[in-house]
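> Produce the entire structure from the sequences given, and follow the hints as far as they go.
Using the numbering used here, the first residue of the sequence shown is number -2, and each one after it goes up by one.
If you are wondering where the hints come from, they were derived from the structure by calculation, not from laboratory data. Here the structure is a predicted model, which means the values were calculated and not measured. Keep in mind that a hint or two might mislead.
[Unchecked claim] Straight-line Cα separation of at most 30 Å, DSS-like style, residue types lysine-lysine; simulated pairs:
| hint | residue 1 | residue 2 |
| --- | --- | --- |
| 1 | K98 | K26 |
| 2 | K269 | K339 |
| 3 | K135 | K98 |
| 4 | K135 | K339 |
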Amino acid sequence: MADDLTQLSANELLALYRSKATSPVEVTKAVLARIATLQPHFNAYRVVDAEAALAQARASEVRWQRGAPQGALDGVPVGFKDLLNVQGLPTRKGSLATSDKPQAEDSPAAARLRESGAVLLGKTQTAEFGWKGLTETKLAGVTPNAWDRQYASGGSSGGAAVSAALGLGPLQIGTDGGGSIRQPASVNGVFGFKPSYGRVAGYPAAHNGTLFHIGPITRTVTDAALLLNVIAAPDVRDWTSLPSDGRDWTANLNDGVKGLRIAYSRTLGYLKVDPGIVAIVDRAVARLTELGAIVEDVDPGFANPAPILGALAAERAARLRRDIGEAGLALLDPGIRASLEKAERHTLAEVVEANRLRGELAVLMRRFHQRYDLLVTPVTSQSVPYVGSAPVAPFLSPFNLTQQPAASVPAGFDVNGLPVGLHIVGAQYNDALVLRAARAFENIQPFPALHLSSLREHAPAWELA
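Here it is as structure tokens:
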């Protein structure tokens, strides 16, 4: 029974709490036990605060016994990517260049969840400073794929995606500055949602500025919407955060996609994509047509924005250098240090021009969404690689530039039996429609469940080396 509790969604757990069929303490103990069992093999968490989590669970249990839960997620376990502050725990950001001093205050997402009565489990592994799409660092080691430990988990929210897939906490908070929620969600077979920029407040400000989104990684769309109900709130520490409109993000989730105008782009007009990936995504898009969506094969009409992202990386590099200094730079992964030095060669004029081109891209997509309710694409362009290489997901970063909501939905498996995601993009601020479409797909093609009995048993390549 304890192991079964780790396989339940947050929505299911809340129903059990209401009926007193189980308690937050039982659930938290089950999740902590599963983390203890799987952590040596998957390295999904950087730190787990079991003592504090159990104390929060006991307080939640008392509230549920009184019939007076503190908030919408009272007693539900949550993990936080280690780019985000959680009071009492250090934020190491996957880097030897950071301090192990505990944080004095919560990030906005952690604060809202603590206020809601959620159980804060600890910090999940991340790529160093979220810089790469690969969760492998000198500080914390390798976090392999949840489905097969020979393969990469992606990044930079690799620990969060692996935790969601393995039942190491039903709710996970990730971040996405260029695909870092959606790419690992795709390759680990879970649901990842990047809300519109500012929907979830962030503090301290991220190195990659207004490209940086905070959002849910979960096993179901409903759980992501429940989580958004709590964390989609403004915070005085983030002047870019959106005002709350009191929306219930679970409302109208099951309204389907009948009559929606959906643009399907296999390549965005400029990418090379493995035919096997295209075939999987073609089948997924056909399911949307079965549900009554009006699907048209069309590219959105913009050129590869890699040069824009390259120039804007100069801003990120400057912020990172400011925060860690020369001593910290010497401790960085050599690949990140080389990327930083390359980014710093961009001139101020080039950064200004990149921001102008970014604005033009955002306007282009706003016009595009006057014709189409949604855009769908693959998430990745190739099959999942072995550990040591990052999954290739070039479809994602354009929509950080435009600050649009976007999700990765489990859509099938590649030739090696690793998950493949369908990318659903909505118009800026139309987060609800992305969630609705994802839920419609989940209803017709339920997301895969990963149980201990289905895990690949062979040793990963990084253990054999």
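> Compare the structure with each hint and give your call.
Consistency of the hints with the structure:
Simply put, K98 and K26 have alpha-carbon atoms about 27 Å apart, close enough for the 30 Å limit, and the pair holds. Straight-line distance between C-alpha atoms of K269 and K339 comes to about 25 Å, which keeps the hinted pair within the 30 Å bound. Taking the CA atoms of K135 and K98, the gap is about 19 Å. The hint holds against a cut of 30 Å. Between K135 and K339, the direct Cα distance comes to roughly 22 Å. Compliance with the 30 Å bound is thereby established for this hinted pair.
Consistency note: the structure conflicts with none of the earlier hints.
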